[in-house]
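Order-wise, the sequence lines are chains A, B and C. Mapped onto the working numbering, the consecutive letters of the first sequence carry residue numbers 103 to 279. Mapped onto the working numbering, the consecutive letters of the second sequence carry residue numbers 225 to 462. Mapped onto the working numbering, the consecutive letters of the third sequence carry residue numbers 0 to 557.
Keep in mind the hints are simulated off the structure, nothing from the lab. Treat the hints loosely; a few may be bogus.
What follows is a list of derived Cβ distance ranges for each label pair [to be verified]:
#1 D267/B / S140/C: 57 to 63 Å
#2 D411/B / R500/C: 35 to 41 Å
#3 A195/C / E388/B: 41 to 47 Å
Cβ coordinates follow ideal geometry from the N, Cα and C atoms, glycine included.
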Amino acid sequence: MSEKKTLATVWLDGCSGCHMSLLDMDERLIELSQQFDLVCSPLVDQKIFPPHVDITLIEGAIGNEEDLEKIHLIRERTRILVSLGDCAVTGNVSALRNPFGADAVLRRVYGEPAGTLAQVPKIGLPRLLNRVRPLHDYVHVDLFVPGCPPSADSIYMVLSELLAGRMPDLSGVARFG
Amino acid sequence: MSATPAVKTFVIDGVDASARPEQTILAAAREHNIFIPTLCHLDGLSDVGACRLCLVEVKGARRLLPACTTRVEEGMEVTCNSPRIAAYRQMTLQLLFAERNHVCSVCVANRHCELQALATSLGMTHVEIPYRFPSLTVDASHERFTLDHNRCILCTRCIRVCSEIEGAHTWDLMGRGIQSRVITDLDQPWGESDTCTSCGKCVQVCPTGALFQKNRTGGQGCKDPSFLPYLRTMREEP
Amino acid sequence: MTTLTEELDQITAKVQQEQQAAGDRINVCVAAGCLSLHSDAVQRALEEEAKKTGARCAVRGVGCMGLCSAGPVVSHESAASNSDEQAARLYGGVQSEHAPQLIASLQGEPVTKLAISRQLPFFTRQTKVVLENSGRINPESIDEYIATGGYRALMHALNEMTPAEVVQEISASGLRGRGGAGYPTGLKWATVARVAGAPKYVICNADEGDPGAFMDRSVLEGDPHRVLEGMILAAYAVGASQGYIYLRAEYPLAVKRLGIAIREAKRMGLLGNDIGGTRMSLNLEIRLGAGAFVCGEETALIASIEGHRGTPHPRPPYPAESGLWGSPTLINNVETYANVPPILQRGSAWYAALGTAKSKGTKVFALSGKVRHTGLIEVPMGMTLREIIFDIGGGVAEGHTFKAVQTGGPSGGCIPESLLDIPVDYDSLTQAGSIMGSGGMIVMDDSSCMVNVARFFMEFCMSESCGKCIPCRAGTAQMYGLLTRITEGTATHRELDLLIRLCEMVGATSLCGLGQTAPNPVLSTLRYFKHEYLAHIEDKHCPAGVCDCAASIAEVAR
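Full structure from sequences and hints, please.
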């Protein structure tokens, strides 16, 4: 079978650093890209998540209601779901606000500096969840690739293995931070 | 001649091994290059058997035993690594990661942290235990050092080094259970401590980024507790 | 010069004479249960009434008589029926205003409306060894204890037995530790006796902390000298010269009475140097616990006596080899010591005839919860749970059905209706997924949610964990969180699976008994009442109607 696997990458509550690390694979991306179709990603125009995807790499944690909605949809439509990077795996920097709660953070960001003109933006924006949580708190995750960001080498290893139809073994290699 | 043999023979992970009298399983295992993970143990400090990472199976024993406090006995059969032990160790690490706010990426001890290193070597890729995200404080009142409770794993090395080596006993514990935390003096700010000599030993023995030097930032907080066995030796063998 | 034994006999004669002269005895329970219902006021009212009317009787405050649910309890022993407990009249719910009626009834018919029948199975089915004096003697009077034959076992042992013979006698009796684990007492004594080293210590663990347990408190409040005598005998047997009673400060009455008992025993020469003219010396001191459950664990208790933070340390070494201040230390529970004098007085064969093959003697239980007669009971080992709960306890209240009985406190488990016919002994209870424990017995009916019960005990363990080892410190908090999510109706099978794995891990890896047994209430309720867990998880419904599952479902994403 020479049919290419479909790949999606998603950016939720994170800094896009994991996507940068993905691009850091440099020339190896060209080699890898022969083996997959990138069907949905911040890197391509397609923004609607397609119905059947073989492999989805997700960067970022679940921080707002939109993330929550997306993750369930993505899980439904994906065969192998990969938590890419510490935010997706642990909550990481995105979750630094958790001990204080969403309201306190919004007040601090939009309230205190603006003084009497304080206004928390609401229209057209998804509501923040009180706590940022890793993906696997909501859906089943097939593979965890920690790191902030995971190195280009790890991502390359993970992608090559997955594209070859094998589940990579990251134990003893994976490192947080 | 003493009736006790000078050397005890035992089996560890299927290998015939020997130990000196009074030697712990942990010490003997390390001499035989067998890895047993530890967090609360530190060469040169007393052992408390608290972190439970060094638990091993001893044939005939009803329970798992901490390698750091259990002495080798003649004919003992020790298993340091079994699927069951590996699963418990991972869960112990997960409990620690979920207990407080360990954010490796922005931690001063990133890449110099024993907790982080153990997560890698024990193959922990994620934490399935729910994160607690407690709200904890940071004590930056000391002119040279900072205490960040978010990263403390309550190994009590700081307490022991301060009491056993420095002789100041500035550090202690307060509260119990999940509310436990380390304190300086009678829970006064560290900077106002009458007993602290600012020697910095606590910072050097802290396995995580809970105690760090003020001029260090993310990833710069490397530690060096190697002075401990040296100090011990110098004191015990004049 | 009179010997101490002769002195004891003289005191006995004197007490008996005084009691004859005083006439009838009116015993008012002034143990903590009845005292909380103002039995001290009842005692005063009875004393005043007796004085006013000149009735020939002595009003005395005594220890627990057992039927706490009927408190304040008063008994009336006529001068004629010298020592027959069954002949004494028993009254419940006595208030100060009943004093005239009661005093007037001394020579005539009993006061019917207050009378409690001695024929209730609650009384007839019990066998009292440890509690034989409780409720019958004034616990603040050493003379009254002596008059019941007290301290004779000690004098006999000191004068006629070697320490080894005492250990042998305890071993032969088959007595096992009453603190919970059931370790053979004789074996423990023999180990401490064998270990070389001086000084040696004896410790009495009176840090009773299980929710729903009040056996040790009642023994100390009702008959403190029995415990002292047991401790002195133990000290003689193992060669200890110093002892500590580690007692929780939450038991002020027990502290007071034990303090009086120690003073009086010293005054009599039964404690201190050269006891009874022999070379045996023992000093006893009370150490107050500051309310930490974990200090009931022996190594934590020892650390606390030493003045350290009350946290356990890994065993081995066991206290028998290296205990208090590194010395060989014998540590037993209150009830264990209380069993010692009768064993030496009546012989190990008498004791071994009570109970079952592997669990000898009697056991005191604090019966509480959804049962008609709550209180303090003592039954021979081997009686079935059904007999205890339905005969002695009178079953659950009308309109309700029995659901489970919890034994062993936070370290124990819940036993369902189908297993009520198992005998109460160490091994059967362990097999059923619970433990004998120290003697707490909490009955639950259909109005109890078993998940919520498990959650309650986990909350207890979480807040009582000392925090030293990770599995107990963080594990109990996580298990409590998961149980909370189940009771709130927000958990899935994933949470249940994690809970089960945490139970196994915390039980296997925790440093001391607190953490090792903390999962037991969860495991035993999962074993017998899994359908209740599943109802919360799958149907978001609490079968007992205790948990409010619906309230939290709306708030899924927290």
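Consistency of the hints with the structure:
1. Take D267/B and S140/C: their Cβ atoms lie about 60 Å apart, and the range 57 to 63 Å holds.
2. Judged by the Cβ atoms, the range 35 to 41 Å given for D411/B and R500/C holds: they are separated by roughly 36 Å.
3. In this structure, A195/C and E388/B break the distance hint of 41 to 47 Å, their C-beta atoms being roughly 29 Å apart.
Hint 3 alone, counting from the list given before, is not met by this structure.
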